[in-house]
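Participant: Here the protein sequences line up with chains A and B, keeping their order. Residues in the first sequence are numbered from 1 upward in steps of one, following full-length UniProt numbering. Residues in the second sequence are numbered from 1 upward in steps of one, following full-length UniProt numbering.
Certain hints may be false.
The list makes no distinction among identical chains, and a pair is therefore deemed to hold if it is satisfied within one copy or across any two copies.
Derived pair list, reagent style SDA-like, types lysine to any residue, alpha-carbon separation capped at 20 angstroms [said to hold, decoys possible]:
no.: 1; residue 1: Lys323; residue 2: Asp250
no.: 2; residue 1: Lys25; residue 2: Gly361
no.: 3; residue 1: Lys154; residue 2: Phe44
no.: 4; residue 1: Lys98; residue 2: Gly271
no.: 5; residue 1: Lys98; residue 2: Ala59
no.: 6; residue 1: Lys25; residue 2: Ala68
no.: 7; residue 1: Lys3; residue 2: Gln158
no.: 8; residue 1: Lys25; residue 2: Leu40
no.: 9; residue 1: Lys98; residue 2: Phe297
no.: 10; residue 1: Lys323; residue 2: Gly125
no.: 11; residue 1: Lys98; residue 2: Gly299
no.: 12; residue 1: Lys3; residue 2: Asp110
no.: 13; residue 1: Lys98; residue 2: Ser304
no.: 14; residue 1: Lys98; residue 2: Pro270
no.: 15; residue 1: Lys309; residue 2: Gly82
no.: 16; residue 1: Lys98; residue 2: Gly298
no.: 17; residue 1: Lys98; residue 2: Ser269
no.: 18; residue 1: Lys154; residue 2: Glu182
no.: 19; residue 1: Lys323; residue 2: Ile338
no.: 20; residue 1: Lys3; residue 2: Pro133
no.: 21; residue 1: Lys154; residue 2: His360
no.: 22; residue 1: Lys25; residue 2: Gly332
It should be emphasised that the hints constitute simulated quantities derived from the structure, not laboratory data.
Number of protein chains: 2
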Amino acid sequence: MEKRARFSVLYRLTGDEATALNKAKDICLEQSVEFPGDLLPEGFIREHIVGRIESFGPATASHETAPAYHANISFDVETASGELTQLLNVIFGNISIKPGITVESIDLPDSLLRQFQGPRFGREGLREWLGVPQRPLLFTALKPMGLSSEELAKMAYQCALGGIDIIKDDHGLTNQVFAPFEERVSRCAEAVERANRETGQQCVYVANVTAPMDQLISRARYAKAAGAKGLMVAPALVGLDAMRLLAEDDEIALPIFSHPAFQGSYVTSPGNGIAHPALFGQITRLAGADAVIYPNFGGRFSFSRAECKAIARGTEMPMGAIKPIFPCPGGGMSLEAIPDMLDVYGRDVIFLIGGGLFRHGPDLTENCRYFRQLVESTLVSEIA
Amino acid sequence: MEKRARFSVLYRLTGDEATALNKAKDICLEQSVEFPGDLLPEGFIREHIVGRIESFGPATASHETAPAYHANISFDVETASGELTQLLNVIFGNISIKPGITVESIDLPDSLLRQFQGPRFGREGLREWLGVPQRPLLFTALKPMGLSSEELAKMAYQCALGGIDIIKDDHGLTNQVFAPFEERVSRCAEAVERANRETGQQCVYVANVTAPMDQLISRARYAKAAGAKGLMVAPALVGLDAMRLLAEDDEIALPIFSHPAFQGSYVTSPGNGIAHPALFGQITRLAGADAVIYPNFGGRFSFSRAECKAIARGTEMPMGAIKPIFPCPGGGMSLEAIPDMLDVYGRDVIFLIGGGLFRHGPDLTENCRYFRQLVESTLVSEIA
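Make the full structure from the sequences, and use the hints.
Facilitator: Listed below in structure tokens is the structure:
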């Protein structure tokens, strides 16, 4: 048999052994030829194009009652056609509609990985960009929607003065009349620069460029010209491949922050979808993000501590030349959670605190200073 | 209070009354300001920007054991910023990550609907385009992946000769070396035209243009120039808004077929996600598709008869000037299922049969003729 490169996907299949094995066999056909197996022509298509079960065995953890199996299934590299869209289609296209199938992880050979640039900055590059070589990074969001550009810019100034590293638009701020995109982005970028001149630090403003497809790149260019030093995009709203396009644009060349809006359905249903580290780690990296925002455990969302740890692992697991990226746990985080989070994530983390910053006291700049001191002092006490 | 236009979303919330009501209140904040309610400034933001519960009551059907409630929640039209991406963000952005929430339906005022063109053709326009005023339409797919462009074109010719109305690329055919996009599309379009000259019918070839973002529009233009008379795209792979952009392109101006690959996670988990008629009906129409492909009941996927009926309703429910579109049930359909499907869907349906066409006999053209006769004779016997 001719030797051809293959990539593989580890699926978790619910059901007893016979049911799960049937699911695995079905995936081999459904995700490649989508054709009845017995009607396939002999030769090349059967031998190479149809998926192949490389291993199959029980997956049930001891605390689970329903049985489940792991199937590692490989596909010919050419089925993905060097396209992120088609790679995702082979991994989880039609079977996203079949219950009881979860993508646990993907394993791509170098020949396929080389077809993707991945994150431009990655962890190391982002630390350099921000001038923060070691400690966890501090991240906040400008909100609520309904404030004017001037009010948002004032808030950005106050946060930058307080020592925050990264200040982003709330993900709901796009181009509303209250704070139109160009006006908001210019004012916020300018406000952060003004604070930087006073503090001597290099806080960055990250503009939300989640937008209609025909405006995504132009908004990103505008943001860069206006002084934004990073871009946020929600890949489930614009398409994962649009994030890749943004990340690969050599003229824009800014760090990309991935936001999970509209993406939750892939992970909220146990037994269906894409496992947290595969979605927020591996796939997000392939799609070019330098940092991935997701809801932390203990906040107002439902991710568990184990799931968050798994995401952090997914952001750094080896993927050829595709760089490790920063996990950005957020979503209803409080300042009190910081020591525990440091314990879980270590130093290579970006703490995203939005509303929780306002709760600490009436002076936003003071609250930011407290946030930064809390992170720094916890680190010192860790070392001591 | 100033009068401002609002749109509303009907959510289904699992849990007892207090839990569900808390979820509804949470949605009002999460999907608009994403900010602690007690810290919001008085005035405009509280009065208009925060979501508003318009109604709340039990939703549990008699056969269900777990309680659930319906909340109808309204949002200021300006929060959506006239953008499909941001409208989806308000409807289901962050709460896609919170379990026990389903989007049942959306209700948009004319002022918002007018910001979207919707399907260019719709049901009536597609019937005119195809020259088939009344009967159900016949749809098949070229596969399996791994065949050469020449082999796929031969198959297209045979199907067109047999009286199929619409012949599409399988959704996994993009730009693989076995059948590169330009070569495949040219040959298949030419083959269908050749058959049309022989039959005097007007079968159309639909090219799959699901592609990397920077190639989507150029592939669509190529396909049109090569003679394709329709385009297929998987909106969950390229982004729903990319489908809208394709549909609104006045130079391309071809019917758009929406494919559900990678979209299943929104509907596979009971209690989470987006209800079938909202996703495959309302949202798909807003995003510009003229026909929506989804797995039929009784095939190899898991949608129920009731869910399929609901999708069909969603494709035609009133939405201002946004046209009704065709449901295209497919996915492991057999020819034997046709009479029952006619019973469920009536005449305004596109029957998509792929592998099932090959099973009937060795001569593909004969199989297609049988498919067409089956549909026509069932209609005649219905009338008799």
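Participant: Which of the numbered hints above does this structure break?
Facilitator: Result: hints 2, 7, 15, 19 and 20 break, sorted rising.
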